[in-house]
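A.B. asks: What follows is each chain in one-letter form.
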Amino acid sequence: MIPFFKKDFLVYWRDRKEIIIALLMPMVLITVLGFALPGWVENPAKTLEMKVGLVKLDDEEAGLETLRDHLASLSMSDEMITARAEQMEQQSPVRQLLNVLQEDSVKEIVHLEELEPNEAVRQLKDKKIEAFLTIPAGFTEAALSKMILNDGEGAELIITAEKASMRVDVMAGILDGVLRTMNYQIAVSHMPDVDAEAAAVILEDYSGIGGREILPGVEMVTSFQYYALAISIVFALMISVTIASKATGEKRERVFERILLTGSHPLNYLSGKMGSTFCLSLLQLVFVLLASHGFFGIFHGRSLQFWIGVTVVLIVLSFCMGSLASLFTTLVFRLEDSVANAVTFITVLIAGTIGGSFVPVYVLPEWLQIAGEWTPNGLTLVALLEWLQIENMNSLTASMLKLGVFSLVIIAIATWSFPRRGRI
Amino acid sequence: MNPIFLAQWMKDKRSPLLILSFCGLSILATLLFGFGIDSQMKISVFKAPGMETRQAEAWLHLLNKGETIKFVIQDEDQARSEVREGRTDAAVQLMENDYRIIAAIDNPNVQLVERHVHSVFVEELRLRAAEKFADDVGTFRREMAQYQGDPPLVLNLRTSEGDELIEYNMSLQLLFTFSLFLAMFTVGYKINSISMEKVAGIWSRIILSPVSKFEMYTGHLMYSSLVGFLQISAVFVLFNFVFGLDLGFRFGMLILIAGIYTLSIVAMSMLLTGILKTPEQFNMVFPSAIPVMPLLSGAYMPPGTITNKFLLGISEIFPLKHALDALVAVAIYDAGWQEVFLSIAKLCIIGVICMGVGINLMERRRR
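Chains as they are written, first to last, in full-length UniProt numbering: chain F, 1 to 424; chain Z, 1 to 367.
Worth double-checking, as some hints may not be accurate.
Stated by the list, open to error - Coverage of chain Z stretches by chain F, computed from C-beta distances (three or more under 8 Å per stretch; other residues unrestricted):
no., stretch
1, 125-132
2, 163-171
3, 316-324
Because the hints were derived from the structure by calculation, they are not lab data.
The beta-carbon is built from N, C-alpha and C at its ideal position, and this holds for glycine as well.
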């Protein structure tokens, strides 16, 4: 077995272009993806920040003044009129709205700037602002007359944007929430059975309810960690494919027949493939992970236990890659070159895609995500991410047992169907 | 008829299983991915100990009145472990008059869930408080709903021209992404047969035949383009005519963009074939480089998610980005030629450059 191991190892080792690709490409990808998409694993709230224009065409004072005059003309007692006027002052929607927009939690996301209408349109076209909010002329008057006097159609706020986007949605969501609360309060005050006392009880501040429970013991997975793991795993998979595809050349040049003529057992050839894949993928995994640790500190300050766990996973994973290489090699000998090639290609494509190595898992439908955990790369990725977060020994052992059994089954299939002497 | 084209066709015709399964799987995968995508976010809820199932179900019913998030009842342990493993952003623990958001991280989705749950709870709790003052609970709820149906304050979204803002269709974008993405693999696989022929010596023998170099290249390229184009078109046709998806009013334009995209992908594969010597190397690099393209182009995310200048710059060199821009513009915004001209022009430029450099590299190596 040793000479065959050496052969496959050297064949790979001497192809410098391939070595460089196998070692540098993952590093490049991890760097680019880690820097460029910090958002989707970590806190992406920063990417939601937006500049929003505010176009205020409404004259609040004038609106209130008109309504006061209107109130005076109504046949109501003076007390009622004073009460209503006070209510108006308090409930002026523009003021409430602007107050909410000045809150810190909102300010973090929405940077508001007051603009002239023409200026706002111009900045929107120049993409300097994401959207602008228009408070139309007569807004206060229209809104309050419906709110207090139940008269008229009410008023509308307008968000103007070029295209729908996540940010516009977020902003619309915030404003919608504000308006909803106001509408609700007004609705309550208009209900016939509800007097002022009751309204106070009903509109009591419920901000005390709810709250968040942040799950303990969980470390956030950073995008560098995610990509370093996902990409090094998929490249290990690629190594098994590459080593197996070398068999195409060996079949073409009748290397295998010549090996048989020397009296070696065919399985020695296969175990050479397996052994070299094991070593090469382990080397590559260790290199890529250590390099990303060195550059980006992905496993900064972790315990010895953590490192031992990672080592175990890498060894089992490399073993699994070795078994896959032997299966792919068997395919090369059992099938036509192009068919074997395509089958391998498709297998890698499917496993890579649903295992979360190519496509971020979260865009896939749920059942595919579950199916992805049945691929060796998906299983390893999930196991490593979990280990990274909670270091749960039991679940790691379970995953590794699964992976080990999977590898053994694959080896059994490969050995069983590999051509025997005299059958080639 | 070009003899090389014919040869490729005969090869596939004699053993059609391979190419058919390749295209078939790609189409199937696009359909599976595309239709499996739930635009609704799924959030698990579980009840606090001692809470009655009936109450939990009442809350669940109220929570599910919204459209963006779907709440499902689940076992507490499972819900917690899903959050812990990052498979879902958040879970909700229901209590009689209160709730807790269970999260491992803080992101916009969690905030979205929290805002929704909070408003549902506050509204319902207020209604419950108000009912105590009301003479008739049913009438009260009805009147509240009626008043809120015609509220004094409303919010409207407009474009700067004053039209209604068209809602963005994210699942359509993902559908396009997957069909374009998977077509890259088919095309790459077909183009790889050039290097396979080179390794096998067939290429050299054809050079000796009366077939010209031009014919050799065009034969291969046309065949690969045709296969890729047919695959994308098949997906579009299936979506539009069989599944009745709304792909806008300009189906012909979509097909045309798909065609130009295929050509640029063929060119890109040629460039890679030129750089890499053997089909084995191609098989290693291609499947690891291609999946990064949609990721970097932001094709899996809503537009505007990626703001990094460097990243936006990189994505300019990927045909996928421009094709996706054009397809989305046509299908969602009903854009005409002027609007998508830039994207198409960029696709063509990428195609021409890649093809030029690729063939050059391939020829240079032979000397």
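A.B. asks: State for each hint whether it applies.
C.D. replies: Status of the hints after comparison with the structure:
1. 125-132: It holds, with 4 qualifying residues against the three required.
2. 163-171: holds (count 4)
3. 316-324: Per the Cβ count (0), the hint is violated.
Hint compliance for this structure: hint 3 alone is broken.
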